[in-house]
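There are 2 protein chains.
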Amino acid sequence: MSLTVVGSVAFDGVETPFGKRDKMLGGSATHFSISASFFDDVNIVGVVGGDFTRAEFDVFERHNIDTSDLEVVADGKTFFWRGRYDFDLNIAHTLETQLNVFADFQPKLSAASLKSRLVFLGNIQPDLQREVREQLKDAELVALDTMNMWIEQTRESLVETIKGVDIVIINDAEVRQLASEPNLIKAARKILSWGPSALVVKRGEYGAALFTDGTYFAIPAYPLESVFDPTGAGDTFAGGFMGYLASHDGINEAAMRRAMIFGSVMASFNVEEFGTERVQRLTHEEINERFRTFKKMTHFEEIPFQRAVTVGQ
Amino acid sequence: MSLTVVGSVAFDGVETPFGKRDKMLGGSATHFSISASFFDDVNIVGVVGGDFTRAEFDVFERHNIDTSDLEVVADGKTFFWRGRYDFDLNIAHTLETQLNVFADFQPKLSAASLKSRLVFLGNIQPDLQREVREQLKDAELVALDTMNMWIEQTRESLVETIKGVDIVIINDAEVRQLASEPNLIKAARKILSWGPSALVVKRGEYGAALFTDGTYFAIPAYPLESVFDPTGAGDTFAGGFMGYLASHDGINEAAMRRAMIFGSVMASFNVEEFGTERVQRLTHEEINERFRTFKKMTHFEEIPFQRAVTVGQ
Numbered sequence: 001m002s003l004t005v006v007g008s009v010a011f012d013g014v015e016t017p018f019g020k021r022d023k024m025l026g027g028s029a030t031h032f033s034i035s036a037s038f039f040d041d042v043n044i045v046g047v048v049g050g051d052f053t054r055a056e057f058d059v060f061e062r063h064n065i066d067t068s069d070l071e072v073v074a075d076g077k078t079f080f081w082r083g084r085y086d087f088d089l090n091i092a093h094t095l096e097t098q099l100n101v102f103a104d105f106q107p108k109l110s111a112a113s114l115k116s117r118l119v120f121l122g123n124i125q126p127d128l129q130r131e132v133r134e135q136l137k138d139a140e141l142v143a144l145d146t147m148n149m150w151i152e153q154t155r156e157s158l159v160e161t162i163k164g165v166d167i168v169i170i171n172d173a174e175v176r177q178l179a180s181e182p183n184l185i186k187a188a189r190k191i192l193s194w195g196p197s198a199l200v201v202k203r204g205e206y207g208a209a210l211f212t213d214g215t216y217f218a219i220p221a222y223p224l225e226s227v228f229d230p231t232g233a234g235d236t237f238a239g240g241f242m243g244y245l246a247s248h249d250g251i252n253e254a255a256m257r258r259a260m261i262f263g264s265v266m267a268s269f270n271v272e273e274f275g276t277e278r279v280q281r282l283t284h285e286e287i288n289e290r291f292r293t294f295k296k297m298t299h300f301e302e303i304p305f306q307r308a309v310t311v312g313q
Numbered sequence: 001m002s003l004t005v006v007g008s009v010a011f012d013g014v015e016t017p018f019g020k021r022d023k024m025l026g027g028s029a030t031h032f033s034i035s036a037s038f039f040d041d042v043n044i045v046g047v048v049g050g051d052f053t054r055a056e057f058d059v060f061e062r063h064n065i066d067t068s069d070l071e072v073v074a075d076g077k078t079f080f081w082r083g084r085y086d087f088d089l090n091i092a093h094t095l096e097t098q099l100n101v102f103a104d105f106q107p108k109l110s111a112a113s114l115k116s117r118l119v120f121l122g123n124i125q126p127d128l129q130r131e132v133r134e135q136l137k138d139a140e141l142v143a144l145d146t147m148n149m150w151i152e153q154t155r156e157s158l159v160e161t162i163k164g165v166d167i168v169i170i171n172d173a174e175v176r177q178l179a180s181e182p183n184l185i186k187a188a189r190k191i192l193s194w195g196p197s198a199l200v201v202k203r204g205e206y207g208a209a210l211f212t213d214g215t216y217f218a219i220p221a222y223p224l225e226s227v228f229d230p231t232g233a234g235d236t237f238a239g240g241f242m243g244y245l246a247s248h249d250g251i252n253e254a255a256m257r258r259a260m261i262f263g264s265v266m267a268s269f270n271v272e273e274f275g276t277e278r279v280q281r282l283t284h285e286e287i288n289e290r291f292r293t294f295k296k297m298t299h300f301e302e303i304p305f306q307r308a309v310t311v312g313q
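Chains as they are written, first to last, in this note's numbering: chain A, 1 to 313; chain B, 1 to 313.
So that you can see chain A by itself, here it is in the shape it has in the complex (with noise of 0.2 Å):
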């Protein structure tokens, strides 16, 4: 097993200008599970309750998602999330949350899950992040996500949390939230300070950043002309980016950089459509044209311009 990942499974209902769904299958690792399925063997470590069918579980084997360590309360609901988006589907309104049986989620991982090469700590409570940071002796590379309302109420814990690991993926408020600092650049070598060696920084329309000790690497978002449902966009990147490194020997900023290509793609295929649903029947070749797209739209030569006369000096 070479990539696991530690987080929700849900049910989402989402209302958008386009349209909307009840109870479809959603959560940081079940976004997080599908993408990076297309790159790499994915282990999930999570919970959910009775009312999780037949239907669930094949999406996940269907895309060979080792679900072992999902582990299945009977008697329990699987936590529920339902919100809604305006027109502008960036800020998603959260009309219910019933946490269920994720409200005592005591992450249990396998022996197997234990040895993973790269561990994915999707967004949940930053103590439960740290103890199971703190069973994987192995790993190569550990990540994290986490969210507003962390930083906010458990703000210690998680900047502890954050010295353990080795990289951290979250979007642009919370990097700046996260530190104190309104400038973006400034923000992120502070958290780097602390002691991860890289830092993706999600920016949703505009795009995707990496820093790292000493090295910077930006893209721009694919463009698209409509966004369906942005729920799970980020995991869906965390995702790309992690099952491309997970399926790759050494990794070092050449293939950090592909990563993120990765996952940019993958998360703008996510937002095509409600939940999982455009991912879940994504073609290699689809993923490879669009990485494709994104060289095309960003390259340009490198050719330094001399004038003839030199002025202003």
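Among these hints, one or two may not hold up.
Where chains are identical, the list cannot tell them apart; a pair therefore holds if satisfied intra-copy or between any two copies.
Capping the alpha-carbon separation at 30 Å, the derived lysine-lysine pairs in DSBU-like fashion look like this [as the list claims (entries may be wrong)]:
1) Lys186 with Lys295
2) Lys190 with Lys77
3) Lys115 with Lys137
4) Lys163 with Lys296
5) Lys77 with Lys23
6) Lys163 with Lys186
7) Lys20 with Lys77
8) Lys137 with Lys163
9) Lys20 with Lys137
Because the hints were derived from the structure by calculation, they are not lab data.
Got chain A; can you put chain B on it based on the hints?
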């Protein structure tokens, strides 16, 4: 003369959290021309008052900017703008606007200016922009900038003016407002459908994008740890963009992409100090070095991925 700019020449008073200038050289044509002067000869068309001194003319002269078409109204005063930026440097708060001689500005182009290969119509009343455009029988490329006020107050005239130019260079909020379309990609396609062959979208800290018929190019902004004064960044971008194109024989997609980088490079220097102060003392080596940094921070290898086991199909 291969590049002419028509626009405002002004004195600016600027306050930011980092300092203050009571009166410094500013205006769209000023920022544009100084930036463009690093790439080609520039002719500036504008109007100033009797308070415009030798010191200001010297700035243009040092950059080989031809001021023959910079009209002086001896008994009038130069356009004055005073504004403040708070910690969110994206928002300019106007404190005072004295149009002065600019209120009656009627661009007068000499025979030399009328023969320019490239012309930039800075942000002035769209009727005036169109009048100038109609006199330019032989120009190879005419670009324009505008602002929210003209979109709101003189939309019909502005659209008519846009129909007659080759390139529109505006910011992303203006693209959406002008096209009455919240999605940037759709909005861009709509504006291109009116006639221009290219649309350049300035996105501030998020970079810039270039739309042509069927192609899309996007770049991040240069990562700045501190932005000192954003006044004139857009015009400085346009100056680098048009200046580079003016220096180039034959304008094609590859040249436009490099022009986007040079525009971004010049804008990134502009915001490092007050007004035109940083750009005035730039060297070609500094410009080229930052161009190379853009290449480094956007480069990735195109290696398509193929997973051994095909899943999800």
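Each hint tested on the structure:
1. Lys186 with Lys295: For Lys186 and Lys295, both the intra-copy (28 Å) and inter-copy (22 Å) Cα distances are at most 30 Å.
2. Lys190 with Lys77: neither (40 Å within a copy, 48 Å between copies)
3. Lys115 with Lys137: Cα proximity of Lys115 and Lys137: one copy only (8 Å, versus 72 Å across).
4. Lys163 with Lys296: Classified as between; 28 Å across copies, 37 Å inside a copy.
5. Lys77 with Lys23: Only inside one copy: Lys77 and Lys23 sit 13 Å apart there, 67 Å across copies, limit 30 Å.
6. Lys163 with Lys186: within (18 Å within a copy, 43 Å between copies)
7. Lys20 with Lys77: This pair counts as within: shortest intra-copy Cα distance 22 Å, inter-copy 60 Å.
8. Lys137 with Lys163: within (15 Å within a copy, 64 Å between copies)
9. Lys20 with Lys137: This pair counts as neither: shortest intra-copy Cα distance 44 Å, inter-copy 55 Å.
Going through the hint list in order, the structure does not satisfy hints 2, 9.
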